[in-house]
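Since chain A is already given, all that's left is putting chain B on it; use the hints.
Those sequence lines, one after another, are chains A and B. Each residue of the first sequence is one higher than the one before, counting from 1 in the working numbering. Each residue of the second sequence is one higher than the one before, counting from 1001 in the working numbering.
To be clear, the hints were calculated from the coordinates, so they are not data collected in a lab. C-beta: ideal position from N, C-alpha, C; glycine also. Heads up, none of these hints are tricks.
One-sided excerpt, in silico: chain A residues whose CB lies under 8 Å from chain B: (1) Arg-43; (2) Tyr-97; (3) Ile-98.
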Amino acid sequence: GENVEQHPSTLSVQEGDSAVIKCTYSDSASNYFPWYKQELGKRPQLIIDIRSNVGEKKDQRIAVTLNKTAKHFSLHITETQPEDSAVYFCAAGTYKYIFGTGTRLKVLA
Amino acid sequence: SQTIHQWPATLVQPVGSPLSLECTVEGTSNPNLYWYRQAAGRGLQLLFYSVGIGQISSEVPQNLSASRPQDRQFILSSKKLLLSDSGFYLCAWSPVYGYTFGSGTRLTVV
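Isolated chain A (complex conformation) (with noise of 0.2 Å):
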């Protein structure tokens, strides 16, 4: 069946570096990917999508790239801050999505 392999699974930057999360997905079809952002005990935030006719977009210290002929695609966090710190998702799909199993960032003061 489907599948997103997300990596890593906990992340640790210091403030003001630069955090990278990759996912892989197996579907071809799959022509949506976007990120989510959970805070403890909290729904999922959608914090930037990309579709399969685009290879980047960025949205002021976030950044996703996607590459379709691998079947990869990333997440680009510059300039850390303490409340970038939660879980990012990703996921893929059509009209429904598979997701990644997290990766929880940790952004250190």
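Frame of chain A, contents of chain B only:
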């Protein structure tokens, strides 16, 4: 604007008891609706999705069921809960791309 409501927020139920979680969406029509479950410290597992009234697709065979009696209402049910049903249940809706999640129901089966 569109809003999604999910209740209850928390629930403690004994093993073998029934379950009913409700989700409603306002401000849109014919949304795609989804139920996900998140076990403690884990990822999101798609349980059911619906693209219209009475249309339910099951992703994972288990003792849960879903129903969509009205266009903007999605219900998750169980006749007899298991300990393994504990988790954070999230309803979501989608217009075309992307989900908006409800606030979730934290279910503890004891």
